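2 protein chains.
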Amino acid sequence: MAGSGLIETLAPRIERVVGKLPRRVFVLTSAPIWALWGHCMQQSFRDAPVALFLEPGERHKTLASVEKLLRQMAVAGGDRGSLLIAFGGGIVGDVGGFLAAIYMRGIRYIQVPTTLLAQVDSSVGGKTGVNLPEGKNLVGSFHHPRAVFADIGALGTLPERELRAGLMESVKAGILRDRALVRYMEAHAAEVLAREPRALERVIAASIRMKAEVVHKDEREGGLRMILNLGHTVGHALEQATSYKTLLHGEAVGWGMVAALYLARSRGSVTSSQFERLERLIHLYGPLPVLKLRAAKVVAATGADKKNVGGVRRFVLPVGIGDAAVVEDVTPAELEAAVRYMLAQASESKS
Amino acid sequence: MAGSGLIETLAPRIERVVGKLPRRVFVLTSAPIWALWGHCMQQSFRDAPVALFLEPGERHKTLASVEKLLRQMAVAGGDRGSLLIAFGGGIVGDVGGFLAAIYMRGIRYIQVPTTLLAQVDSSVGGKTGVNLPEGKNLVGSFHHPRAVFADIGALGTLPERELRAGLMESVKAGILRDRALVRYMEAHAAEVLAREPRALERVIAASIRMKAEVVHKDEREGGLRMILNLGHTVGHALEQATSYKTLLHGEAVGWGMVAALYLARSRGSVTSSQFERLERLIHLYGPLPVLKLRAAKVVAATGADKKNVGGVRRFVLPVGIGDAAVVEDVTPAELEAAVRYMLAQASESKS
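Those sequence lines, one after another, are chains Z and D.
Per the working numbering, residue 37 is the first one in the first sequence, and the count goes up by one each step.
Per the working numbering, residue 37 is the first one in the second sequence, and the count goes up by one each step.
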């Protein structure tokens, strides 16, 4: 659920979902989040949860961190009935979910995401895991949280750029499955970007709902769930081509959606006016960063995508507004044209 | 399935279960097993599988080994369609299953157990994982193999003591669920212990079937599956009290079943004649090692069992022959009497 004042009332909310709290409750968090919110968060618990800390940053999203944390859980007396709360951004959520997935072959956990991207995307869907030196998210489990509590209040301190990047996942949600969300985000961009609580809650709740529904129908990514990767094939290629240094994930997805829309228009699955409307919506929540890249490099990088099986390149393309389809027959020439179109915009950044 | 000649005909057997073999097939094994059986195993594969090696011994059943192996899989081009074959004893099966559980959030795997204990017990049921310095099997996943191929031929070189210890799990299977297996093992002990292929196949197939049926009804150990722990509460306590150095796992379970039978008789859930018959069966597949332990130490060690939740001690007790129940109200005095009875036998080893 999304709302205000969730963090300070967490314990009774969790008990409404899982029943009486167990003897051991763990909170995985990061020191900065704990410094800001730890006191507030603990006040609704009769017995203070055991706090576990993950160093901030992608480079700590490793099996070595996981082992250290699992050992702390064992030493603190965690058993199969224990509960873990992942309290932080996307990395805390991914690692926390993975700890819960593999500690004693699986314990229950709750997501309390504190960044917009974690709230609208990574906290929902049960994808958990860590990186290997060979690639991101190569290790993990599907393990669903018992509940997600997205507190709008935690977004007050979120940098503007992260807010806008996170909202790209909400734009994606609208394009994929929710025409009403597209209309709302078109009409209320000013309120949403000003973090007006009711506007933000409306957008976040709709984004979570869309993802939860898709995931519910396809828990282990067999088919339908693939549509959630709209904008991600080119998006991941952009992240890789810029060594994960230039773009926030949501920004890469924003540019990736522009390329996907171009492909969809040239194949006739969206009309020109739908194309223009959705492209305008993406830029409404921009600006997306300027990129100086060669199209060939981006096209080459799409070949290494983790979602490719047996060498086939998969794309999610919008079908009108509110639907999408997975296609496997995009030719290199088609893809290159779409990437060129997107890079032409990105090199000047109209937004 | 259990049978002879499975290892040299593995590839077509696997294809009958999972369809065409994928581009990358991994085999996790140990150097000694590979030296004995690697050539034989590879002959049915058109493209040789990528062999991954785990050092033998419980001390290599760690997250560090897991990380090293996952990286090798990534470097070798493993993708979500890849297949892993766990080819070896129980440790290879546990680690192999865990690799398959967490590589790219889960790939398919096949168990090809080469020890009796792995064939009748650990390869069935989907329990996978590794140890932490804080305790055995504290980390893992439930991840079911697509198939188990138990080749009787691999048991030809198994030491006599491991054969007898492994058969304790078959005795357990009979006591729990299969009166016909109890009768067969009573009547054909000589053939089974002489490794007569048909006798061994009969016993192994029945053991696998029993476990698979129980697990199928309770995949994540919510209720029924608990009965598989017959003999394990006291058995684990004996292993711990002897620092895992004196007893093979099956031997500890054998002594644990003697204690469980004593408890069951004193509570009236087995008659005196059932008690004597089942105790005789256990010793028929002995000898179980001599133990010099104080009862109080063993009773204390049962308190630390991983299966205890919220401090409650759980016991599985036979109900007649072919059924069992979980009880939570065994008093320390009752338990101590049962352990004393068992230790009196164990100190002289009648078997």
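Be aware that a few hints might be false.
DSBU-like, lysine-lysine: derived pairs with alpha carbons at most 35 angstroms apart [to be verified]:
| # | chain 1 | residue 1 | chain 2 | residue 2 |
| --- | --- | --- | --- | --- |
| 1 | Z | K172 | Z | K281 |
| 2 | D | K333 | Z | K104 |
| 3 | D | K253 | D | K328 |
| 4 | Z | K333 | D | K104 |
| 5 | D | K104 | D | K281 |
| 6 | Z | K253 | D | K56 |
| 7 | Z | K104 | D | K172 |
| 8 | Z | K172 | D | K333 |
| 9 | Z | K328 | Z | K253 |
| 10 | Z | K253 | D | K281 |
| 11 | Z | K56 | Z | K104 |
| 12 | Z | K328 | Z | K281 |
Derived by calculation from the structure, the hints in this document are not laboratory data.
Quick caveat: nothing in here was measured; it's all calculated off a predicted structure.
To see whether the hints hold, each was checked on the structure:
no.	hint	result
1	Z:K172 with Z:K281	holds, 14 angstroms
2	D:K333 with Z:K104	holds, 31 angstroms
3	D:K253 with D:K328	violated, 39 angstroms
4	Z:K333 with D:K104	holds, 31 angstroms
5	D:K104 with D:K281	holds, 28 angstroms
6	Z:K253 with D:K56	holds, 27 angstroms
7	Z:K104 with D:K172	holds, 16 angstroms
8	Z:K172 with D:K333	violated, 48 angstroms
9	Z:K328 with Z:K253	violated, 39 angstroms
10	Z:K253 with D:K281	violated, 49 angstroms
11	Z:K56 with Z:K104	holds, 28 angstroms
12	Z:K328 with Z:K281	holds, 13 angstroms
When each numbered hint is compared with the structure, violations occur for hints 3, 8, 9 and 10.
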